[in-house]
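> As a plain string of letters, each chain reads:
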Amino acid sequence: MNLSHGHVGHSHFWVRPMTRRTFLGSAALAGGAAVTAGWWLPEVAKAAFDGVATVFPRPIPGGVAPFGIPIHHFPPVPVFGPGPINEPSEITDFNGLVGICRVTGAGTGTDLATGTQTRLSYQVDNGFMSGLYIGEDGRKHHGTFAFI
Amino acid sequence: MDLFNGAVGSNQVHDFNPGIRESGLFWTQPVAGDSLGVELEAGTASLALDDLDEEDYHDLHNALIDGPSDPASVSFEMRWQAIAKPMNVTDSVHRFTGRFRLCAVQIEWSATAPGFSFVSDPANTTTNVRSVIGRERNGVFFDE
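These protein sequence lines are chains A and B, in that order.
According to the working numbering, the first sequence is numbered sequentially starting from 1.
According to the working numbering, the second sequence is numbered sequentially starting from 1001.
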């Protein structure tokens, strides 16, 4: 898959002034930090670092191409195989906890100028990844990430 | 997080996400570790985030081409609850491995964008399509 990353234009949230988010510091690991952990152990279900990661991870290499536009993401459905689930993680070089979902529902939207309310339907594909990863800097880090 | 003025999939009016990073990292942003709680043995996970900076691209195609967007924010509380036993999965094609559980998810969320706000119905009205939690290794950790 040939994925183009030529996105240009407005600034994304990560380069805008941090008005609501406080970055608490890097979670870079020392070179000899433990990499492996037992499967399904309660202690690995805790985030190793409660702050906000300052080094971004790298994307998974594969993905799908909605509208013919390749993206580094597999939606929860349809299942592409060969396994019974698509890869839940958005990030590669990763060892940790993951979650993903597709849910639908409804709610109420409000036009703040007129007060007019409208019933709207929603689809939410959200997820999380929390654990050890190799960052864009090539170093090991711990962090928690939301897929929105 | 997508809103439709009609059935899901038709007449999309809002598309909240953090954008696609130059690396290709897709709609993924760092959050505080204490926003997440996971109990794999119990088959539960929760993620709660308040006033998270996003962009409103209004529809999926515009989001994927990184078209014009408005600053927005979302808040949500969501919970995964396992509905099946754990399964070991190794996908050598996509090079990921792990132990996973299919789940049901409930969410309650809200969003704000210029001149607009949204509040979802209560969490117990959520319709689950497909949800998973688990522990995964991929990339350089796949072969460990």
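These are calculated hints, taken from the structure and not from any lab test.
Treat the hints with care, as some may be off.
Which bits of chain A does chain B cover? Going by a derived footprint, with three or more residues having C-beta under 8 angstroms, they are [claimed, not checked]:
| no. | region |
| --- | --- |
| 1 | 64-70 |
| 2 | 96-107 |
| 3 | 111-122 |
Ideal placement from N, C-alpha and C gives every residue a C-beta, glycine not left out.
> Each hint needs a verdict: does it hold in this structure or not?
Against the structure, the hints come out as follows:
1. A stretch counts as covered by a chain when three or more of its residues have a beta carbon under 8 angstroms from one of that chain; for the region 64-70 of chain A and chain B the count is 3, and the coverage holds.
2. Three residues within the 8 angstroms Cβ limit are the bar, and the region 96-107 of chain A against chain B gives 12, so the coverage statement holds.
3. Figure legend: the region 111-122 of chain A, annotated as covered by chain B; annotation consistent (7 residues with Cβ-Cβ distances under 8 angstroms, at least 3 required).
Violation of the numbered hints given earlier is absent; every hint is satisfied by the structure.
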